[in-house]
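*Asks:* Below are the chains, spelled out letter by letter.
Number of protein chains: 2
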Amino acid sequence: MAVYTQVSDEALSRFLASYDVGRLTSFKGIAGGVENTNYSVHTDRGAYFLTLYEKRVARADLPFFLGLMEHAARNGINCPVPVHDRQGRVLRELAHRPAALVTFLEGISVNKPGVRQCASLGEALARFHRAGEGFGLKRANALSVTGWRPLFESFQAHADDIARGLAKEIEGELTLMERQWPKDLPQGVIHADLFPDNVFFLDQNVSGLIDFYFACNDALAYDVAICLNAWCFEADSSYNMTKGRALLRGYTKVRKMQDNEIAALPLLARGSALRFFLTRAFDWLNTPKEALVRPKDPLEYLRKLRFHRDVTDVSAYGLAGDAR
Amino acid sequence: MAVYTQVSDEALSRFLASYDVGRLTSFKGIAGGVENTNYSVHTDRGAYFLTLYEKRVARADLPFFLGLMEHAARNGINCPVPVHDRQGRVLRELAHRPAALVTFLEGISVNKPGVRQCASLGEALARFHRAGEGFGLKRANALSVTGWRPLFESFQAHADDIARGLAKEIEGELTLMERQWPKDLPQGVIHADLFPDNVFFLDQNVSGLIDFYFACNDALAYDVAICLNAWCFEADSSYNMTKGRALLRGYTKVRKMQDNEIAALPLLARGSALRFFLTRAFDWLNTPKEALVRPKDPLEYLRKLRFHRDVTDVSAYGLAGDAR
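In the order they appear, the protein sequences are chains W and D.
Be aware that the first sequence starts at 286, since it is given in the numbering used here, and climbs by one per residue.
Be aware that the second sequence starts at 286, since it is given in the numbering used here, and climbs by one per residue.
If you're looking for bench data, these hints aren't it; they were derived computationally from the structure.
The model shown is predicted, which means the values in this text are computed figures rather than measured ones.
There's no promise every hint is true.
Remember, identical chains collapse to one label, so a pair may be satisfied in a single copy or spanning two.
[Stated by the list, open to error] Quick list of in silico lysine-lysine cross-link-like pairs, DSSO-like style, CA-CA up to 27 Å:
| no. | residue 1 | residue 2 |
| --- | --- | --- |
| 1 | Lys340 | Lys453 |
| 2 | Lys340 | Lys581 |
| 3 | Lys340 | Lys313 |
| 4 | Lys313 | Lys423 |
| 5 | Lys423 | Lys397 |
| 6 | Lys313 | Lys581 |
Model the full assembly from the supplied sequences, consistent with the hints where possible.
*Replies:* Rendered as structure tokens:
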């Protein structure tokens, strides 16, 4: 949360002068977002969003993220679009950090998505996958199965501080994932972090997608699995099959899933739960108690993982034969 | 800094439905501001600013602050204006906190105000003082001379942790202020916190004033003294007489100062420095080391206090006879 990097009025005015965006009329630091510093910027021509990339984002990845936003927008996705400066650059520097100015996307994310919103999210995800086709840049998923064990080992000694017996349970999950993780599924550009706070709605329909800073190349069905975890569980960690069915039907309406993708869903969802458990557990153990940012509860994702572990058939997710 | 209170999309939509402001299109938490939670709110009709008042602001004071914004705006001050709901209320409740929706004021505050900006600030301050005339509500200044000793006593035992000998020096200042603080100066509504971050400029000219949450009834010249401290010292704590002269000339162009106000300036400026020293020292000693909000350096205001202590004649501030 919070503005990590203060930008002065002079520095911002100088920065904006190299763009054709008119004259600065106001700027305010935006709270929320733990990775980067964000400002809402108004000029006499319109509203923009300025991001300064802090150290958790690798500079080398920025051309991928910014290029993807442009590519997706050109292919019909409503998302923030990087603004080019007069020299044609989208990646710049401000306050000694990589920085980019993007268009301000109006929209509201929902705290508690309903069934129809899950259906629309499924469609939007599939459209995003189709829009990613033909994008020239590549980025490996640093948080896929091979990245999980090193992450776990960085806090393994303290894992039982979160819950007793955790180290052993996670060790078992990792071993299984490393053996069984599917390698032959259709690949593409995935969002990899399409949680409700990264999706805007107008009533029941998705109106925009934001925050492409985990996007990468990976199995498309893995993105579906991430969304099942992020959208279809209730606050008490129970799986809402109606929402799951709506999401999957929405998705398959736009992009048909292959049989091997569908068969892999329980494992992908279990792996996705493990991935978010691991990053949350890491943050949980490494956030000072006094910090203003409350880390998210890792156990929420452990409960989801256990749900998927018990799934014996994909019909448990609500995907009926007719939707495939 | 930061959003203290999270407002859900449903709660905000319900809240806005009782206003005639159109339909919510986006809202974002604003970083910065240690007292309250602020959101930038867009609807299809325009831009607004939503404030949830946290516990440092007394609910009983809110009618004064909100009423003053309306009164000042009606009298020509460019400032945020509270929006009335359909029942005519400006003070509402949201997320279990007092809340108010105000118009979004475009504008940029400057980090390093120049001489011409100080001149414009002086004029704007005097216009604000005139605009306050006739405002029906009253609010005592809780941070005037009688409030300083209790504040000091709350951290006196640790004062020497900030700088050696501090407790003794401050004790002496308090005793002197309590004896000599002037009581017969022209009174009115003062802003009491008109620092550069609460003033918007368009080039060299003040375009707007914000953050009325310290406003109260007190000596008008005390407000001038606060501004001398906030605007006319350089980063190395040296007093810039050119800026001081510009500010005072700007002020007296709009509102003539009486002889006793001018004569009291060194004491008022010294007292104002003490007041900001005390609140900063309190925050300095009471902010956890790991907090994201870095407290402001109290010693900056001790250095200013010492400057004023050595002033023997108001001409030191740059106020020549012709400007009075």
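*Asks:* Is the C-alpha distance from Lys423 to Lys397 at most 27 Å within one copy, between copies, in both cases, or in neither?
*Replies:* neither (33 Å within a copy, 44 Å between copies)
*Asks:* At most 27 Å between C-alpha atoms: does Lys313 with Lys581 qualify within a copy, between copies, both, or neither?
*Replies:* For Lys313 and Lys581, both the intra-copy (26 Å) and inter-copy (20 Å) Cα distances are at most 27 Å.
*Asks:* Tell me, please, which holds for Lys313 and Lys423 at an alpha-carbon limit of 27 Å: within, between, both or neither?
*Replies:* neither (33 Å within a copy, 32 Å between copies)
*Asks:* Could you place Lys340 and Lys313 in one of the four classes (within, between, both, neither) given a Cα distance threshold of 27 Å?
*Replies:* both (21 Å within a copy, 23 Å between copies)
*Asks:* Which holds for Lys340 with Lys581 at a C-alpha limit of 27 Å: within a copy, between copies, both or neither?
*Replies:* Both ways: Lys340 and Lys581 sit 20 Å apart in one copy and 25 Å across, limit 27 Å.
*Asks:* Within a copy, between copies, both or neither: where do Lys340 and Lys453 come within 27 Å Cα-Cα?
*Replies:* neither (32 Å within a copy, 45 Å between copies)
Of the hints listed earlier, those the structure fails to meet are numbers 1, 4, 5, in rising order.
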